[in-house]
Amino acid sequence: MKPILRSICIFSFLFTGTVYSQELFVYTEPASNMPAKSVGIRVSNWLMNDKTEPSVNYQFIPEIMWGVNRNLMLHAEGFFNNRNVQGAGVYAKYRFFTQDAKNRHFRMAAYGRAAVNNGVIDQEAVETNGNNSGYELGLITTGLLHKDALSASVSYERALDNGKNNKIPAAQEVHAVNYSVSVGRLILPKKYTSYGQTNFNIMLEMLGQNLTGSGKMFIDIAPAVQFIFNSQLRVDIGYRKQLYGNMIRTAPNGFMIRAEYLLFNVISSKKK
Amino acid sequence: MKALLIIVLSLFSFSLMAQKDTSKANQSIESVSLTAGGLTCSMCSKAIYKSLMKVPGVSKVDPDIENSGFTIYYKKDQPVNKKALEEAVEDAGFSVESIKINTAPKRKEI
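Chains as they are written, first to last, in this note's numbering: chain A, 525 to 796; chain B, 25 to 134.
Quick caveat, the hints were computed from the structure, so don't treat them as lab data. Think of the CB as a built atom: it goes at the ideal place given N, C-alpha and C, for glycine as much as any other residue. Incorrect hints may appear among the rest.
Derived pair list, reagent style DSS-like, types lysine-lysine, alpha-carbon separation capped at 30 Å [as the list claims (entries may be wrong)]:
1) A/Lys626 x B/Lys107
2) A/Lys626 x B/Lys99
3) A/Lys671 x B/Lys99
4) B/Lys106 x A/Lys671
Take a look, some chain B residues computed to stay more than 12 Å from chain A by CB distance [as the list claims (entries may be wrong)]:
5) Ser55
6) Leu63
7) Asp88
8) Thr95
9) Tyr97
10) Lys106
11) Val120
12) Lys124
13) Asn126
Partial selection, computed: residues in chain B whose CB lies under 8 Å from chain A [claimed, not checked]:
14) Cys65
15) Lys74
16) Ala116
17) Thr127
I would like the entire structure built from these sequences, with the hints used as guidance.
What follows is the structure in structure tokens.
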């Protein structure tokens with residue numbers, strides 16, 4: 525357990541005191557939703573170091589996001605890797621609690637993901653966002669105070685047999701509990717004057733998973749930088765590193781590069 | 025005498041009311057000042073800005089990103105619909121902290 529305690533200490537040290545952050549986290553979603561009647565296009569590139577061979581495990585996940593209304597948003601995503609087309613998934617998030625005030629909010633949301641995947645199951649870690657067929661159900665809570673934000677999530681994830689006869693090995697655990705804590709910091713601009721200013725944020729997230737039956741676990745740390753151009757185009761660069769783990773994972777460490785573009789109010793009635 | 029007094033007082037109060045109505049009629053809506061809650065970043069502010077621009081009758085929105093404020097201007101002779109403005113902010117994912125209609129005295133016609 526020492527590595528976990530060490531990581532918690534590092535995490536607390538880095539983000540104690542005056543912290544300026546945004547909640548557009550890189551490895552997790554905040555409890556807030558995208559604007560209603562808007563569409564987002566997101567492309568995520570995962571460049572992870574393969575532990576089994578000296579190569580990069582590349583995974584490409586394009587997503588289309590839709591703000592259905594002020595409380596509900598949907599994602600449709602595809603999973604591709606450097607070997608083949610792997611599968612697809614849908615994600616929904618519903619914001620059920622909102623407490624807003626000037627420059628602050630506290631929000632809670634429930635989310636779910638369902639995915640089908642045809643890839644070979646070569647690790648114990650359960651990941652319906654790209655590796656496993658299955659589903660995930662979770663809760664997120666996010667607080668924003670002026671420019672400080674803190675988010676936490678917990679979820680239950682269930683792996684099912686993958687397609688093309690890629691079944692989960694009989695002795696392998698299929699139930700997992702995930703948890704995360706995320707914070708960030710707004711570096712630039714110091715003062716907002718226009719939508720054209722480039723925003724620069726840094727973030728740090730801790731991501732963990734426990735396999736409920738076997739007791740196996742991992743805990744990762746994931747620092748990231750984020751640029752937001754013209755208040756509409758977001759570019760994230762993150763690095764995920766396993767701090768502690770006792771389960772089989774094929775590629776736990778590596779970079780993620782993501783671009784996301786928001787099209788505001790594209791699904792709405794014509795203005796009179 | 026009593027009846028005369030009542031008539032005089034009634035006429036006086038009617039004239040006061042008429043004066044009040046005239047002062048209202050001489051005012052016109054200049055803009056609407058709105059402060060939104062629940063945001064700090066420019067991406068969130070832009071979402072509200074885009075949503076407000078879609079409200080019927082709105083001609084221009086001046087954002088104050090730093091203070092989550094918006095000054096909303098309407099097209100000539102368009103009525104202000106406060107509910108529509110509030111819904112636009114909520115659709116963007118935020119709340120209305122304050123909303124104030126700014127009026128200006130009508131210019132005298134020569």
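Verification of the hints:
1. About 19 Å separates the Cα atoms of A/Lys626 and B/Lys107, which keeps this hinted pair within 30 Å; it holds.
2. For the hint linking A/Lys626 to B/Lys99, the alpha-carbon distance of about 28 Å falls within 30 Å, and the restraint holds.
3. For the suggested pair A/Lys671 and B/Lys99, the alpha carbons sit about 35 Å apart, so the restraint of at most 30 Å is broken.
4. Distance restraint check for B/Lys106 and A/Lys671: the Cα-Cα separation of roughly 28 Å lies within the 30 Å cut-off, and the hinted pair is therefore satisfied.
5. The Cβ of B/Ser55 sits about 18 Å from the closest Cβ of chain A, beyond the 12 Å cut-off, so the non-interface label holds.
6. A beta-carbon of chain A is positioned within 12 Å of the beta-carbon of B/Leu63; the least distance is around 7 Å.
7. A cut-off of 12 Å between C-beta atoms contradicts the statement that B/Asp88 is not in contact with chain A; the least separation is 9 Å.
8. The beta carbon of B/Thr95 is kept farther than 12 Å from every beta carbon of chain A, the shortest such distance being approximately 15 Å.
9. Listed as a non-interface residue, B/Tyr97 keeps its Cβ farther than 12 Å from every Cβ of chain A; the least gap is roughly 15 Å.
10. For B/Lys106, the condition that its CB be more than 12 Å from all CB atoms of chain A holds, with the nearest at approximately 17 Å.
11. The non-interface label for B/Val120 is inconsistent with chain A: the shortest C-beta to C-beta separation is roughly 9 Å, within 12 Å.
12. Residue-level check passed: B/Lys124 sits 15 Å from the nearest beta carbon of chain A, beyond 12 Å.
13. With a cut of 12 Å on Cβ distances, B/Asn126 stays outside the contact zone with chain A, its closest approach being about 19 Å.
14. Interface hint status for B/Cys65: upheld, as the beta-carbon distance to the closest one in chain A is roughly 5 Å, under 8 Å.
15. The closest approach between the C-beta of B/Lys74 and any C-beta of chain A is roughly 4 Å, which is under the 8 Å cut-off, so the hint is satisfied.
16. The closest approach between the C-beta of B/Ala116 and any C-beta of chain A is roughly 5 Å, which is under the 8 Å cut-off, so the hint is satisfied.
17. The interface hint given for B/Thr127 is violated, since its Cβ lies 24 Å from the closest Cβ of chain A, which is over the 8 Å cut-off.
When each numbered hint is compared with the structure, violations occur for hints 3, 6, 7, 11, 17.
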